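Peer 1: Here are the chains, one letter per residue:
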Amino acid sequence: MSHYLFILVGAVLVNNVVLVKILGLCPFMGVSKKLETAYGMGAATTFVLTMATGASYIIDHYLLMPFGLEYLRTLSFIVTIAAIVQLTEMVIAKTSPTLQQTLGIYLPLITTNCAVLGVPLLNVSNGYNFIDSLLFGAGSAAGFSLVLILFAGIRERIEGAEVPVHFRGVAIAMVTAGLMALAFMGFAGLDKYQ
Amino acid sequence: MLMNLFTFKGGVKPPTNKTQSVTLPIAQAPLPSRLVVPLHQSIGGMPQPVVQAGDKVLKGQLIGEADGWISAAVHAPTSGTVLEVAMHVQPHPSGLDALCVVIEPDGKDEWIAREAVDYKSLPPEEVRERLQQAGVVGLGGAVFPTHGKLTASKTVPMEELVINGAECEPFITCDDLLMRERADEVVRGIGIFRDLLQPKKVLIGIEDNKPEAAAAMRLAVQALGESFEVVQVPTRYPAGGAKQLIRVLTGKEVPASKRSTDLGVQCFNVATAYTAWRAIAHGEPVVSRLVTLSGNVHAPRNYEVLIGTPMGELLKLAQPHPDTDGIIMGGPMMGFLVPNADVPVVKATNCLIAHSERLFPPKAPEMPCIRCGSCAQACPHELQPFEMYWFSRAKNFGKTQEYNIFDCIECGCCSFVCPSRIPLVQYFRFAKSEIWAREREKNASDQAKARFEFKQLREEREKADKAEKLAKAAAAQAAKKAAEAAAAAAAESGTVPAVAAPADAPSATVNPEKEAKRATIEAAMARAKAQREAVQPKNTENLTAEQQKAAADIEARRVAAHLIEPEPAAAADQPAAPLDPKS
Amino acid sequence: MDILLAIAIMALGAVVLGAALGFASIKFKVEGDPLIEKIEAILPQTQCGQCGYPGCKPYAEAIANGDEINKCPPGGSEGVQRLADLLGREVKPLDAEEKPKQIAIIDENTCIGCTLCIQACPVDAIVGAAKQMHTIVAQQCTGCELCLPPCPVECIRMEPIGENIDNWKWKYPVVEIKAAAMSAGDTPTGGAGGIKEAA
Numbered sequence: 001m002s003h004y005l006f007i008l009v010g011a012v013l014v015n016n017v018v019l020v021k022i023l024g025l026c027p028f029m030g031v032s033k034k035l036e037t038a039y040g041m042g043a044a045t046t047f048v049l050t051m052a053t054g055a056s057y058i059i060d061h062y063l064l065m066p067f068g069l070e071y072l073r074t075l076s077f078i079v080t081i082a083a084i085v086q087l088t089e090m091v092i093a094k095t096s097p098t099l100q101q102t103l104g105i106y107l108p109l110i111t112t113n114c115a116v117l118g119v120p121l122l123n124v125s126n127g128y129n130f131i132d133s134l135l136f137g138a139g140s141a142a143g144f145s146l147v148l149i150l151f152a153g154i155r156e157r158i159e160g161a162e163v164p165v166h167f168r169g170v171a172i173a174m175v176t177a178g179l180m181a182l183a184f185m186g187f188a189g190l191d192k193y194q
Numbered sequence: 195m196l197m198n199l200f201t202f203k204g205g206v207k208p209p210t211n212k213t214q215s216v217t218l219p220i221a222q223a224p225l226p227s228r229l230v231v232p233l234h235q236s237i238g239g240m241p242q243p244v245v246q247a248g249d250k251v252l253k254g255q256l257i258g259e260a261d262g263w264i265s266a267a268v269h270a271p272t273s274g275t276v277l278e279v280a281m282h283v284q285p286h287p288s289g290l291d292a293l294c295v296v297i298e299p300d301g302k303d304e305w306i307a308r309e310a311v312d313y314k315s316l317p318p319e320e321v322r323e324r325l326q327q328a329g330v331v332g333l334g335g336a337v338f339p340t341h342g343k344l345t346a347s348k349t350v351p352m353e354e355l356v357i358n359g360a361e362c363e364p365f366i367t368c369d370d371l372l373m374r375e376r377a378d379e380v381v382r383g384i385g386i387f388r389d390l391l392q393p394k395k396v397l398i399g400i401e402d403n404k405p406e407a408a409a410a411m412r413l414a415v416q417a418l419g420e421s422f423e424v425v426q427v428p429t430r431y432p433a434g435g436a437k438q439l440i441r442v443l444t445g446k447e448v449p450a451s452k453r454s455t456d457l458g459v460q461c462f463n464v465a466t467a468y469t470a471w472r473a474i475a476h477g478e479p480v481v482s483r484l485v486t487l488s489g490n491v492h493a494p495r496n497y498e499v500l501i502g503t504p505m506g507e508l509l510k511l512a513q514p515h516p517d518t519d520g521i522i523m524g525g526p527m528m529g530f531l532v533p534n535a536d537v538p539v540v541k542a543t544n545c546l547i548a549h550s551e552r553l554f555p556p557k558a559p560e561m562p563c564i565r566c567g568s569c570a571q572a573c574p575h576e577l578q579p580f581e582m583y584w585f586s587r588a589k590n591f592g593k594t595q596e597y598n599i600f601d602c603i604e605c606g607c608c609s610f611v612c613p614s615r616i617p618l619v620q621y622f623r624f625a626k627s628e629i630w631a632r633e634r635e636k637n638a639s640d641q642a643k644a645r646f647e648f649k650q651l652r653e654e655r656e657k658a659d660k661a662e663k664l665a666k667a668a669a670a671q672a673a674k675k676a677a678e679a680a681a682a683a684a685a686e687s688g689t690v691p692a693v694a695a696p697a698d699a700p701s702a703t704v705n706p707e708k709e710a711k712r713a714t715i716e717a718a719m720a721r722a723k724a725q726r727e728a729v730q731p732k733n734t735e736n737l738t739a740e741q742q743k744a745a746a747d748i749e750a751r752r753v754a755a756h757l758i759e760p761e762p763a764a765a766a767d768q769p770a771a772p773l774d775p776k777s
Numbered sequence: 778m779d780i781l782l783a784i785a786i787m788a789l790g791a792v793v794l795g796a797a798l799g800f801a802s803i804k805f806k807v808e809g810d811p812l813i814e815k816i817e818a819i820l821p822q823t824q825c826g827q828c829g830y831p832g833c834k835p836y837a838e839a840i841a842n843g844d845e846i847n848k849c850p851p852g853g854s855e856g857v858q859r860l861a862d863l864l865g866r867e868v869k870p871l872d873a874e875e876k877p878k879q880i881a882i883i884d885e886n887t888c889i890g891c892t893l894c895i896q897a898c899p900v901d902a903i904v905g906a907a908k909q910m911h912t913i914v915a916q917q918c919t920g921c922e923l924c925l926p927p928c929p930v931e932c933i934r935m936e937p938i939g940e941n942i943d944n945w946k947w948k949y950p951v952v953e954i955k956a957a958a959m960s961a962g963d964t965p966t967g968g969a970g971g972i973k974e975a976a
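One line per chain: the protein sequences are A, B and C, in this order. Position 183 of the first sequence, counted from 1, bears residue number 183 in this note's numbering, the numbering being contiguous throughout. Every position in the second sequence, counted from 1, becomes a number in this note's numbering once 194 is added. Every position in the third sequence, counted from 1, becomes a number in this note's numbering once 777 is added.
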């Protein structure tokens, strides 16, 4: 049981996908201007990432590995993820227009989110089984959402602050992200406690 | 009178500065050289002027007629001549102009015929109507037309009527003096409100720094045999805010974006009650009010002032010190510096404070917000001013609304306590007026869109109607023509086929399969004929036989020509078509 | 042999996923584009056609299909900013010069009652009849200027809507460090402890 807890805590805090692994920076910078969009993006990514880890595990283990085609992983994962994102978008558009409005353009953006590709690949290199993979995916997504929402909250406040002219905009956001990453280093070693 | 008092959160205790102006009784201000009476003195519709330059008016004569239900009439404050109806600068922080009636007093101060009535004999609607006609508005500062607040809600039973005599702002003592000297009429005025609203209880709230006023009111209540309760509330700014006073007296907290009437509470100012009584029982419209003159002056005092008196002229009565450099209308917490000394006293003017740097030292520069939370503790509405400030500053107006900026009453407590001397209220006013402006724009654009879409719809419909009409006319003509042609053919076929042959040559001889085409051609011709008939000149009635023959010949040739060459006829049809709807 | 297998497997995956997507696109087809409505909500609805499209809705459709967002002068630079925020595009300077909000006024002495402006007005803000003087309903006028060109006697002019007490806005509080003293319109106690006990 504690094994799962370690995977989860490790994914959310210690090896945070954005601040430690430096994956998925484009949405992290791009959609963190407003809290509302950050919520939407977080929710969409969580859903897709969990689905993607599950699907890519199945493809890896039942399609690629039996035929020794591991070198096709990146390619096939991308294709799968893109298909899942598209499918999800269509289903949401049909079944829940309100949710689709909330997620808006962020759903298709996830296709190009490197975190979504990175996490399944990390799953493989970590040798996780199916449950582990799903947990790691969900944990990474939760970590991504957490950081994204915190960051959006900070950026909303930065808007009112007197930032030196040359630091306005993305520059101060980068500085903020760096400070956040430093803060997240404080979690390092949390999963080493046994 | 023992009563369990409640308390509101926050508030501040600024130096009250009230003692200076209560030593002397109310005095009558002399007639000024001219009176500038703004027409728009209350919330709601802008009253329309009913006098012109050169008109003679009497004191109390209507000069501005109420526009709509939420609007109050405006009257001439004294007898005299109307000099002009023109734009004049207003006692408003913007310093902009608005329509005013300028009156030159004749010095006689002659009233129009005043009709005193016993309101108990009138139906409630008429009492409300009379209050509107008399221009009675909330004199606490909000100037909401009083009659609009005097209709009891049908859904919520009226529990308490709260009469606001708290007068919490520093310097202001006009309500204090009014209650001391004219308590009897105030209480009678409250009686009118009570009878119209039928509340279970009437509570008169007076801050405990005005014991004389409270005593006078108690005496008046007893003398008139009323059951009103005079309650002394702790002195704390802003205890005179309607929602705060309601909270203190009844324990009811008015929720965000609700009105006190939703909780069965209505609130009036004591001065409003007084003017209501004068209006009903003496037939006197609101043409004057009590104004406290205080601040950097030699002789602070309360005066009964005619509406429209220029502030500079009025302030001279109190002998301002030579270093006076401005006039504040209202109290030091919520008031504002008027644009210049010529602006007139209006119904909302309860106090004029001579401003000087000695009395109000200039503010030190604004420092960054340190999020100490003092403002949140001081806010009587339990808002979070530091958050609203942050987002107003960033012009993130959506967020300010999330923090309920519209519940802010702009009392100034947050600015008062801010250790960084941030003018918080100004940020909130800025944010509010921006949000309102955006809403106005949004409404305007929605309306424009609706009108544009309707215009398009209408044009489509007109086009469709026109097309339908034309088609119908064409079909009818075609049917008629076809019938005629069939009859003619039946009659002629046996006798003179040779004559018909050349005319019909292109269609009848060789192309039975092109019958459809021929039908269309005939329809087109029929239409052309219909057109011709439609545009036929009116000089065809009284023609000579020769002329008629000539015309018939031409007509026959035309018909022949069209039979041979039907295309031009169809083409001629087109330009004629637009004439149809116009004729 | 390996390469053929790889191709076969990838092809199989592609076919399966493609079929699934194709099926979904038919099964979950939705009409309309909510984006257009959002864009249209930002546009000022003057229907002036200065963007080159016959009205605000066509321009909204054009924007959704990739047209520039800086073609709407009545919306001003603020409108461009809001469009950029909505669509995640770069803010561009307005394509034309920004004018203050204005309304059309008909000089009623010159008007010959030709009704041409009435037909041109997109929001039916002009009232009048043939050979009767026309006038503009100021509240409805969007200031689109579409009535100017058709007028044969040039009796219509545009007038900016000035500031009045009803549309006046509190200004952004700028407290200059040196001139920290009060300016007109300032609340006297704006700062802390402004009131002294008067003598």
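Rather than coming from a laboratory, the hints here were simulated on the basis of the structure. Please read these numbers as outputs of a predicted model, since none were measured by experiment. One thing to keep in mind: the hints can contain errors.
[To be verified] Keeping only pairs whose Cα atoms sit at most 30 Å apart, straight-line, the calculated DSS-like set for lysine-lysine is: (1) Lys94(A) with Lys834(C); (2) Lys804(C) with Lys815(C); (3) Lys636(B) with Lys878(C); (4) Lys589(B) with Lys33(A); (5) Lys674(B) with Lys660(B); (6) Lys626(B) with Lys804(C); (7) Lys815(C) with Lys33(A).
Peer 1: Are there hints from earlier that the structure breaks, and if so, what are their numbers?
Peer 2: 6
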